[in-house]
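Take the given structure of chain A and dock chain B to it, following the hints.
In case you want the letters, here they are:
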Amino acid sequence: MSSSGHPKTTYDVLRAHGVDRRKFLKFCTLTAAAMGLDVSLVPKVVEAMETKPRIPVIWLHGLECTCCSESFIRSSHPIAQDVILNMISLDYDDTLQAAAGEQVEEIRRKVMKEHPGEYVLAVEGNAPTNDGGVYCTVGGDTFLNVLRETAEHAKFVVAWGSCASNGCVQSAYPNPTGAKPVHELIHGKPIVNVPGCPPIAEVMTGVLTYVLTFGRLPELDSFHRPKMFYAQRIHDKCYRRAYFDAGQFVEEWDDDGARKGWCLYKMGCRGPTTYNSCSTFKWNNGVSYPIGSGHGCIGCSENNFWDNSPFYDRLTSIPVPGIEATPDGVGETLAIAAGVGVAAHFASFMVKKGLDRSRGRDAESDE
Amino acid sequence: MTAQRVVVDPVTRIEGHLRIEAMLDGKGTIQDAMSSGTMWRGIEIILRNRDPRTAWAYCERICGVCTTVHALASVRAVENAVGITVPRNADIIRNIMFLTQYVQDHVIHFYHLTALDWVDLVSALGADPAKTAALAQAVSPHWPKATTGYFSDVKATLSKFASSGQLGIFANAYWGHPAYKLPAEANLMAVAHYLEALKWQKEIAKIHTIFGGKNPHPNYLVGGMACAIDMQSDNAINMERLNYVKGLITQAQGIVENLYLPDLLAVASFYPEWTTYGGGLGNYMSYGDMPQNGIGDPSTFLFPRGIILDKDLSKVLEVDPTDPDQIREQVAHSWYTYPAGTEALHPWDGVTEPKYTGPKPPYKQLDENGQYSWLKAPRWRGKAMEVGPLARVLIGFASGRDDFKEVVTEALGQLKIPAAALFSTLGRLAARGLETRLAAHWLQAEFDRLVANIKAGDQQVADTTRWEPATWPAECKGFGFTEAPRGSLGHWVHIKDTKIANYQAVVPSTWNASPKDSEGQHGAYEAALLGTPMADPKRPVEILRTIHSFDPCLACASHVFGPDGEKLAEVVVR
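Just so you know, the protein sequences line up as chains A and B, in that order. Mapping of the first sequence onto the working numbering: residues 129 to 495, in sequence order. Mapping of the second sequence onto the working numbering: residues 356 to 929, in sequence order.
The following block holds chain A by itself, in its conformation from the complex:
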């Protein structure tokens, strides 16, 4: 079998699968809902699915742990099968590809040649740059070369996860291989960063389906993250926020507060400095998220989170209070190891909320 021939639209494929118009419209409505779109935009989704052939995707793997691919196949809406069979044409992906060796490299070259400027480059992991890039090779060539070569004619680049977006664990101090995220290596191409270790499954499929539906990238913030998924801090939408505001904290693992589900701020939770959708979407189709299961957020979608202070150390600075804060407004968020910020924050925050000041002092006295 070859991958030549006229590409069919998503609707063509669905119709050919025996999906009638009624079911197709329902599918589009669900897809729109999954992306958080208003019902008035459903016709736009329908149009996209009816008229656009499946976009070729080349999914490369560099230095990584494959948690992004694993997360991707956990997506509940849409499910991975629909994405792979009906929405995109996943032409190259080391993890799922049936072919191996020369046969897969042949596919990559073919897509680059036949669809210049049309294919999407998805990158999981990053490239080591020390010693000529020998710390990661694919097909006998360095991943660095493969990445640059494949990016050249890509329509745009999706940087999956914290490795590709920020560098993640292998670029933590002392970064022995000189691992660098995609945006430091590829220039002159639109790049969407989808950080998280891994990103939430529905965030991954949401980014892809948004592009398919609207034919353009989602709105990005100054860190190239889609605003629709990374505009707010976990803390601001956390269901335990009320306990923070009330000064009710877990003081020790497995204590009475832990059993009651109080705020994990004192156990080092990075929710106040982490921009992600965990507290809204939650994980694995809404089952829970780290805080919901009793462990603080470790800030895995933030730049350089492995080298910020140990994640059980309490944050001493919470940049800006209030749900209206956006990453662009705050600037780069950092968990600062030492400082006086939090006391001042607590003081002003308690005044702002008009809460019992004695509870506020309770929290401050532990600083």
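It should be emphasised that the hints constitute simulated quantities derived from the structure, not laboratory data. Glycine residues also receive a C-beta, built at the ideal position from the N, C-alpha and C atoms. Any given hint could be a false lead.
DSS-like, lysine-lysine: derived pairs with alpha carbons at most 25 Å apart [to be verified]:
| hint | chain 1 | residue 1 | chain 2 | residue 2 |
| --- | --- | --- | --- | --- |
| 1 | A | K308 | B | K515 |
| 2 | A | K394 | B | K854 |
| 3 | A | K317 | A | K355 |
| 4 | B | K515 | A | K154 |
| 5 | B | K601 | B | K810 |
| 6 | A | K283 | A | K308 |
| 7 | B | K810 | A | K388 |
| 8 | B | K500 | A | K151 |
| 9 | B | K719 | A | K238 |
| 10 | A | K317 | A | K238 |
| 11 | B | K810 | B | K536 |
| 12 | B | K670 | B | K738 |
| 13 | B | K382 | B | K810 |
| 14 | B | K500 | B | K515 |
| 15 | B | K536 | B | K771 |
| 16 | A | K151 | B | K515 |
| 17 | A | K154 | B | K500 |
| 18 | B | K601 | B | K500 |
| 19 | B | K893 | A | K308 |
| 20 | B | K851 | A | K238 |
| 21 | B | K515 | B | K554 |
| 22 | A | K317 | A | K283 |
| 23 | B | K554 | A | K151 |
| 24 | A | K241 | B | K893 |
| 25 | A | K154 | B | K738 |
| 26 | B | K515 | B | K486 |
| 27 | A | K238 | B | K515 |
| 28 | B | K486 | B | K536 |
| 29 | B | K536 | B | K601 |
| 30 | A | K151 | A | K241 |
| 31 | B | K771 | B | K760 |
| 32 | B | K771 | B | K666 |
| 33 | B | K810 | B | K666 |
| 34 | A | K388 | B | K601 |
| 35 | B | K854 | A | K241 |
Computed footprint of chain B on chain A, listed as stretches where at least three residues anywhere in the stretch have a Cβ under 8 Å from a Cβ of chain B [said to hold, decoys possible]:
| hint | stretch |
| --- | --- |
| 36 | 408-419 |
| 37 | 433-443 |
Frame of chain A; chain B shown alone:
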């Protein structure tokens, strides 16, 4: 056919980056083979000087496919070093998460990582849906989706996908290769179940989410678990959460008993010749796991500990991973250097420096006489070992354990093959399925144990008496281990002044994918490829079958730590 070298790079449907070079004789039979790990990240260097209580999170990112296993080994290592015994509930919850990983990982391996080596997608297009339904009902009477209508729909999906001209992940593969032996109907059934398993795998993962907050990469805690238990709270592990877990376990058992096992045995029955290829080393090792009375009591492990040498099932030898004379790593064919005069080192004394001596990329081939991999070569008393499902099942069987004997004997009877057939590529695949059966059964047993313990009044999930580093000895060392789905995993930690002074991980795929050692002994992958005939060297499906039977995980396998020149003076080893 002339003698030639076959290169497979990248080996796909694995985790990480692996290159295989096989040397064929004039008849197309593999005479020599090289397994090369082509990635290295240096995570153990990164761990140095960090808070040992956070090590589990860094280690967990060694691998996202076998997520949780490095976190588990890491918290056990730190607990061992500083002297923490975790509460019973934490032990059981960890066991439940461990078994969840087994069931999920092994089912994904069968359907999504190896099935396409045995199942011809194109042949499925010619299947008769009615005959497929009859076959499916015969193979698995209790699986409900075995109707003509169901298989007609799957066939239609497949045909139209194929005719779309965009074949995605199925393009350019080895369809029609003479090594494919299944009838069209069996191929269609397997492809249908590929899609069923893909839909299901996201469900079982929710057990990790309930106890650990997310999957991949759920959270662990030194001292126990962070998920508090309180039957009177709506914000802890309570009746609703336990019911959720119970439902997922029941669903998983249905998948294992009615989908995975029947499919595995059905596919295996068409490939009897693969019980004669791929055996390899014949040396097997397991650290054991699934504690019933704490990790310090190996006699209660459901996965027993031991060593089998030279395929001799009449005796199981003892293994002690903390004994410096037993496990040692070599670098003769690895891209590292040891100090002059040093040939092998125990992980406690891990001294390694990366030094790439391979060809400048892009390259065509590696040198089998030189250094050729980012993996070291771990050895047990100088011998190369295989770890993983086959090792565990053989050690359980040879240890005389009834549960292992029962599942093994039943499967051998169904396939009408002798026990010696287990020493093969197919034996490895079968062992993975059989231990998944045990794991699904144990999941329910562990769940029941958790409920019983809570019912007896015990809600504790963490021991925090040694949470504060001030309570630790000035210097201590710990060993943590687990039997990860791919095999024996050990973490060795040396803590000094409350920080990590040295961290070493010797992981399953390092054992299995290791290059040759200084005596020229092959690693398990290499040994397993020897003697295998290839029908069409340009389309290396035979190599993929045997390599995939180990379920390679290369992000795990490549590791190293920087020089730790200091001699340990007074060190607490628990």
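Assess, step by step, whether the Cα of K382(B) is no farther than 25 Å from the Cα of K810(B), and give holds or violated.
violated, 66 Å
Holds or violated: K810(B) with K536(B), Cα cutoff 25 Å?
violated, 53 Å
Keeping to a limit of 25 Å between CA atoms, is the pair of K154(A) and K738(B) held or broken?
violated, 60 Å
Holds or violated: K308(A) and K515(B), Cα atoms, limit 25 Å.
Violated, at about 41 Å.
Three or more residues of the stretch 433-443 of chain A near chain B by CB distance under 8 Å?
holds (count 4)
So if I understand the rule, the pair passes when the alpha-carbon distance is 25 Å or less; does K601(B) with K810(B) pass?
OK: K601(B) and K810(B) at ~16 Å, within 25 Å.
Regarding the pair K670(B) and K738(B), is the alpha-carbon distance no greater than 25 Å?
holds, 17 Å
Sort out whether K666(B) lies within 25 Å of K810(B), counting only the CA atoms.
violated, 45 Å
Within a Cα-Cα threshold of 25 Å, do K893(B) and K308(A) meet the stated pairing?
Since the Cα atoms of K893(B) and K308(A) sit roughly 35 Å apart, the hinted pair is violated (cutoff 25 Å).
Within a Cα-Cα threshold of 25 Å, do K500(B) and K151(A) meet the stated pairing?
holds, 21 Å
Taking 25 Å as the top limit, are the C-alpha atoms of K554(B) and K151(A) close enough?
holds, 19 Å
Would the hint linking K771(B) and K666(B) be met if the CA-CA limit is 25 Å?
Given that 25 Å is the threshold and the Cα spacing comes to 20 Å, the pair holds.
Violated hints, in rising order: 1, 11, 13, 19, 20, 25, 29, 30, 33, 35; the structure is consistent with all others.
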